[in-house]
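Work the whole structure out from these sequences, hints included.
Heads up: the protein sequence lines correspond to chains A and B, in order.
In case it helps, the numbering used here puts the first sequence at residues -14 to 154.
In case it helps, the numbering used here puts the second sequence at residues 1266 to 1871.
No incorrect hints appear here.
Listed next, the stretches of chain A that the computed footprint assigns to chain B, with coverage defined by at least 3 CB atoms under 8 Å from CB atoms of chain B:
no., region
1, 2 to 12
2, 43 to 55
3, 99 to 110
Worth flagging that the hints you see were computed from the coordinates, not collected in a lab.
Where is the CB? At the ideal position from N, CA and C, for every residue including glycine.
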Amino acid sequence: MHKTMGPTALRRLMTEYRELTLHAPEGITAGPTTEENFFEWEALIEGPQDTPYEGGIFPATLTFPKDYPLSPPVMKFTCEMFHPNIYQDGTVCISILHAPGDDPNMYESSSERWSPVQSVEKILLSVLSMLAEPNDESGANIEACKVWRADRKHFDEIVRSTVRKTLGL
Amino acid sequence: MSEGITDPSDWPIEFKSLREIDSHLRCPICKELLRAAVVLQCSHNFCSECIRRHLDKESSCPACRVATSTSQMRRNVALDEIANNFGDCRSLLLNTLMEAVQPKPVVRPVPPPQFVKEESMDIDYDSPQQKRRRTSTRITNRNVSSSQDHTDIAMGQVTLDDDKDDDFVLNHRDSSPLRHKGKNVHRSTGPVLRSRGGRAEQTLSQSSQSSQADERHEPTNLTKQEPSLPTASDHFHNSAPAPAEVQASLNSSTNITSSTITTSVASIASSPVIGPNLVACPICDKGIPEPYTNTHLDKFCLAGRTDPDYTVPYSLISKQPASVIALYTKQGTSTRDVVPDTNSSLTKPGTPGRSVGSNSSTPNSPARQSTMQWQPQMSSNGTAPRQPMFTPKPAAPEPKRIPKLTYSLLNDKQLRKKLQELGLQTNGDKTLMAKRHAEFATIFNANCDSTRPKPLSELMKAMQVWERAYEKDLEVRETQRRILDQQQQAQRQIHAAKEAKRQAKEDAAAAAAREAAMDSPGATPPSSQSSNGRSTFVPNQANSNAVNVAIASASAFAHAAKYADEYAELIAEVRNRLQADKEKALANTTTTITAEPAPPRSAPSQ
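Dropping the structure here:
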């Protein structure tokens, strides 16, 4: 049996999906959008407690490259997110999603970067902790960065309003 | 869909240690049981292929990020064997455990068939793997309904074949025919090696009556040989009688012969796999008489030639019944006929006298042979190399790997030549050729690390699959690029149309303004025309210009407006088509991906 790129990635994604369905970590649901294409996933992330994101449920997509797990997936929130480390278009900017070769902000130590031993579960857990503790050194959303640094109360208000919006309230 | 995907959590919670073992036998990259396990300097283990692919991108350990490289990794033979064997017995063990943990009140009208009984009924050539599979199917079926027992047993062979096909797609570790092949070979050599002593003796005692007939093999030769080689025979028969005695005994009494031979065979059996005073060649693992190791290394092994038969003079095996000879020669990579003209090769073991007609050298051109040193490891008939499982391995038994190339330093011609030497396709541009070489080097070198290497033909098949996947990938990328191009073009056209529209509007406004100004009394042109009414066409140069502009811009406006609609339509159409294209391409890729492990099918659902 050969192991060309495709099947390895596919099998690995299947393994991870199985793991995630059997032992889903709290606050995270994830799986392929359709059974036909395992390289596009949908994830739902619950806003962590004691943060302005609490109570929200945030949908996101994960797009896996063909050579996964050698290269990291791309994660993108499909709802409006106001967060220093999330771009306006919803793309998540955290170190675990960056291959050591590419560092858009030149701030990450390589130890936090993507490596094939990481997993979807670890990515989503990192995103959860990112929601709880934004990293203002990497400015994906400069506006959010500024507000978060200058006026925490105002930041929380904006976030709560977006949370309400995502919930359709 | 997720069939064949295994996980440490498959084990019942009561057996935490098994979960641990399972998880530690998995590669952290592919999350499957280790294949060709290798260990890095930082003590982290990976599948050879996985880590090689990773190190192509980045030279650090994926687990701890310590800098490393392929040259620093080592095979972890013991771990690989453990992982392989764990994989072999995993499903059976799991089923048995599950049954034990959750005993089901199944009424069994028939007592469960005795495994031993059935196995003893099995024909000899039935591989252990097949036996295992059969029993495991039966167990699972028993869970479902016990009444099927009979049919299952009866149809054992049939269900087995079905099985193979069913999990072929995903469960390749267990069921791929390739694995089967490797395993069969591997397993069959194991027992043979171990039981050689016993079996040999048995055969001997059985055939001692016929040993005189067997002696006809080379009676003259032996009588010549033995005296000429006192040292060699002394090596071999520590307790054996002097050559003269052997000769005498062989010639006269079968009883004595059988006893002496039995002792000698017993001494073979008690010694490690290779035999008395034979040492395994560090390169090709062949058993070589100790005094000839250097000769073998320098003149034959490294030169890729087949060496003369050192073993013959050392043993009496040419005198043994055919079965013993078979047992003995089975070990070698090439089954050379025990031709007894060994006097020459004996006295001058360095001469490549008889090396010509051996299996690997003739079919290959010299050039091919020099680069293809895998021949000793993987003989062309698809058998795995001999597994000296119980011999302490020499320090460097590593077969020759394909070296990494710096593709940027090679031109097309050189690269093509490299591919040719490896027997690979040479079509495509340099990028493709470089990728092809890198891919083959990866799977080949990973295969070298395996304790159950696949035959070269399997690697070549894998390369064909890779070629197809690469082509598909190219196609998809091409489609995506075209889609992007068309989208951009459409965008530009929309933009141009909008621009034209805006321009037209502006111009029209300007013209209107100018006209208005013209109409105003203050700006009445000093026309000599006496006509009382207003004239639309004033023979004033500036005025007529303005009007012309107005007309032109009006028509431009109309044109732009019309085209904007057309463009919009066009864009909508293009988008629809592109969407369809995209979906088709996507469907194609997914089908290829899922269909890839299946046997080569041309063009999956277009």
